[in-house]
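Chains as they are written, first to last, in our numbering: chain A, 814 to 1110; chain B, 2 to 551; chain C, 86 to 423.
Derived by calculation from the structure, the hints in this document are not laboratory data.
Backbone N, C-alpha and C define an ideal beta-carbon position, used for all residues, glycine too.
Some hints could be false.
Okay, the calculated bits of chain B under chain A, using three or more residues with CB under 8 Å as the criterion [said to hold, decoys possible]:
| # | stretch |
| --- | --- |
| 1 | 253-260 |
| 2 | 319-330 |
| 3 | 399-407 |
| 4 | 412-420 |
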Amino acid sequence: MSIQSQFYQQTRVPSTLARWWRHYKRNPLALIALFVLIVIALIAILADLLAPFDPARQFTDSIHIPPSWFDEGTTTHLFGTDYIGRDLFSRLVHGARLSLSLASAVVVLSAISGIFLGVLASFSNYWINSLIMRVMDFILAIPSLILAVVIVAIIGPGLPNAIYAVAFVLIPHFVLITRSAIVQETSKDYVTAMILDGASKSRLFLQSILPNILPPIVVQLTLAFSIAILEISTLGFLGLGAQAPHPEWGTILSESHHNIMFAPWTVAIPGLAILFTLLSINLVGDGLKDAMEPRQK
Amino acid sequence: MDKKYFPFAIILASFSLLSGCTDMSSTSVRDKVLVYCSEASPQSFNPQLVTSGPTFDASSRQIYNRLVEFEPGGTQLKQSLATHWEISGDGKEYTFYLRKDVTFQTTDQFVPTRHFNADDVLFSFQRQWKKNHPYHRVSPLQFRYFGAMGLNELILNIEKLDIYKVKFTLKNPDAPFLATLAMDFASILSAEYAAHLIRTGQPQLIDNKPVGTGPFQLVRYQPDAFIRYKPHPTYWKGKEKLEGLVFAITPDPSLRFARLIAGECDIMAKPLPIQIDAASQYPGLITLSEAGSNVSFLAMNTTKKPFDQHKVRLAMNYAINKSSILKIVYGGTAEEAINPIPPLIWSYDNKTEPVPYSSLIAKQLLIEAGYPDGFKMDLWAMPVQRTYNPNAIKMAELIQHDLEKVGIKVSIISYEFGTFLEKIKSGEHQAALLGWIGDNGDPDNYFSSTLSCAAARSGNNGAFWCDEKFDSLIQQAGEKSDIDVRTELYLKAQRRFNQQKPWVPIAHARQFILLNKKVNNLQLVPTDGMYFSGVTLSAAEAETPLPGVE
Amino acid sequence: MLTNISRLLINVFSSFFVLTLFTFGLTHFFPDGSSFIYDPSLSTSLFPDVSLTMHQQELGLLEAYINYVTHILSGNFGFSSVRGTPIMDDFVIYFPATIELAAAALLIALVVGLPLGIYAAQHKDKWQDKLIMSGSLIGYSMPIFWWAMLLVLFFSIILGITPVASRIGFEFDIEPITGFMLLDTLLSEKHYALDAFKSALHHLILPAFVLGTVPLAVIARSTRSTMTDVLNADYIRSAKSRGISASKILWKYALRNASIPLLTAMGLQISILLTGSLITETIFSWPGIGKWLLEAVYRRDFAVIHGGILAIASFIIIIHLVLDIFRSFVDPKLRRKQ
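From just these sequences and the hints, can you work out the full model?
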């Protein structure tokens, strides 16, 4: 063995994952963002341990206490309290759990159905393919938030319905990306070779195509994740998503925006939470894109 | 210029454009236009069709007159389109002598050719009263107020004695009848306009493009944006001094307050308690306040489970912490309600014992009622502020919190205000946070409008509570004219109410309004509502800018 | 050229077909069955034209669909189930307000975003590029409902240099002629027309900036990536080596070649702008279709929701058609295809 390995010139080919990681970690911003995202995810997971109070508990004697770094602030309430005396920090921490888990649910739902439809479209006959693509083009043409709002209007406001609506509007992206990646891959020679070898469609897809279309789908996953967070919080803000007293970030903003002039922190801090989360997801997404498809850079 | 800096130059240029626009000189036009930041779009411009304050503010109170009206700032009656009236000895016949030379407004749709007369009075009432009137079904909305006041049954006949004389004949004597005629839904519309619209084939315009005899006439309305009025040039009391009146429809109270501070509005409807506190920091602002003739309550739909059970309703009364609601929602400006009428209305029952807050008793009652684990319920809360409830959603959240302690899971439901009212009236709710503003100072207005069987049928009785004993008490009281006898009957009615508990009475709110110093002669009325007739703006004050938040 | 146009037309027709199928199907999902336009209480002599879907129950599905499309093509989008007014009337009032706002937002986004993107591409991987790209990523990640509130708090309430809300000062009574406030004020014969114009412009700035934030970031990012590709292309390098001045390369060669992918990116902006208008209009009390649609959702006015989505989607189809035609003129590749 050892003789052989010395005999031939040896190139260590790192696994795909390792190669991506090597590219990814060259980008310091993306690294920081990944770190921030992991911290946010940890906060969401450990919400029960981190939050000092029940997010719904009303301290009716301490309404609109400013954050602790202000003179009037107290250390009991790190980020202050809202208009009915709920601890803002606890609400945000639980809100992180809610927002991230909702967004994950949305992404899983839409990715599964989107990839399924995309695969179906690429391996079906002309008519089914055009039908799917026409419908997807059409859904894409309607601005996603407007479509989500209309869907929620029809099936009724509330959390589960908001999830379905946002998941629905995200499906076409997955369909389009899956299909175009598959079309691109199938035109390559190695696939033709496999077809000539008599490989079945499922074998062709699972063994050859799937690993190769993964990168664009992963990038789309992060993108969908950030859109999902934004749209769920927007629906919450508009009163169509999570309903009070759910500590969803958009709902918190919608509840506290009446007091923007008197308790600006109840608006500023939840908004910052959304912004930071979205920013880090988008940075991670950018980093992944660069790492997985270095040609596009 | 070096091309390298080109992008920055553009940014700089665009910013200077931005700042160049900011030093706008305030024009003199602004000093003659009164801008009122109102809280909701009107549902219609016909006060006959609705029971909501914003519609009355936008229609009856500016565009129309009634036969009799209330004294400014009170509930005393005075003459208006009727110069005087006679009541027969048995209290069943009312004869009104009408004012002459009253003109209707001229609009794009309609040029009146005659003055106000008895035909207009007949038209205005018959449209609501007679099911076969050609205008009765023109609007999809119904004449709920007319029905809720029991007028469908009460009025036997309306007669035109001569061109300036009208006689109302009633089935039985009705003490508050004159006050009823002063209410918004009794506004007088133009019969000539109605006939004109039938000829042109657009009868629905009567409710959207109003023509009245009042101080202001409608110029333009953009739903959810603004309503613009101009003074009625030949108003019978004399033309208004203002050159224009604008309702800036701003449902969001924080936006309303911001607009007031920025000087975009002169008057702000329904400030939040926290804004009333803050207003004192602005030297350019004045707060007007007035004890309110109103009640805010949680109505439990007695036709639906589980609120058909008396014990459950009683448990709800124990389970809700009213003092925390008074503090947080009303900022301590309201008083706790224990009766369905406020203390400033005569016949208020002082002996009523307040129900204390006790989760324990509530829990016990629920066990007795067969709900040891509580239940799930919908609580409907309106999205807009009303005088009686500055923030129904917030109140609902507090109640949600209280009820959770006794095992009742509450989901809060809200719709746009107009839809909310429609849905409540069709009884879709299990429980709702509602309120009532007395329109005429008579206790009957509260009892008949919100708790009678007639109101349960018309949908105005949010609890859909139809109790024979209670109903006969208030019916009797309405027919008597002796105030002591009536008081005695109303006290009995309140005892019956408090024993049956169709509501959780919550509060009687003070009404507040914030306005710019330059607004003169604005008077609040205890019956709520904004009347802009006679209001003026002083130009000198307008020049001093309001300070910003530091 | 002809084949191109016929291809575009086929595209438009099929999009419209799918759209009407979708909205037609939508009406069957509305709560309260199919009551929205054919509510019996509305179907009195009042609304002679309620026939839009009134007879649908008696018709077969295909006939009902044809009937439906005929009405839509004739501009009858039904009647508001809350106010009873024709939806088309509302749309004509609200739509120009949105277009005005969106156009201003797009203008801001272009005027600021394009130069920033070009500048970043010219300084690729230097600190200027990194600064601009981080800034644009923040803009891209911005929850604009929050952004709008912060800007109103800062510029309108604390500094007091911009109006809080609405399209124009309430003192000005402007007759709607075109529906575009800036035009209407100029067309107005009132003595304060010029002041009204200034007021309208003044009211436009902050909402347009809010609405333009995300498109600005997107435009800066896509301009940068397109320009980087173009600036690395061989013909640019050869132009450089021939000593053509940097500015001439930028303006004459690079920008022209970058314009086609940028035009494609612009098509996407329409969607972003309409999405943003829903929120911006709500916060700034701007009477446009976004707010109109949202109010309809709160009122559960399904006729308006239905008509609104139909109108918005038709508008987008038309915009894409126009962009496609425009592109077929500009893009030499497409021109040569025939």
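Taking the hints in turn, this is what the structure says about them:
1. 253-260: Held - the stretch 253-260 of chain B has 5 residues with a Cβ nearer than 8 Å to chain A, which meets the minimum of three.
2. 319-330: holds (count 3)
3. 399-407: Since 3 is at least three, the answer is holds.
4. 412-420: holds (count 3)
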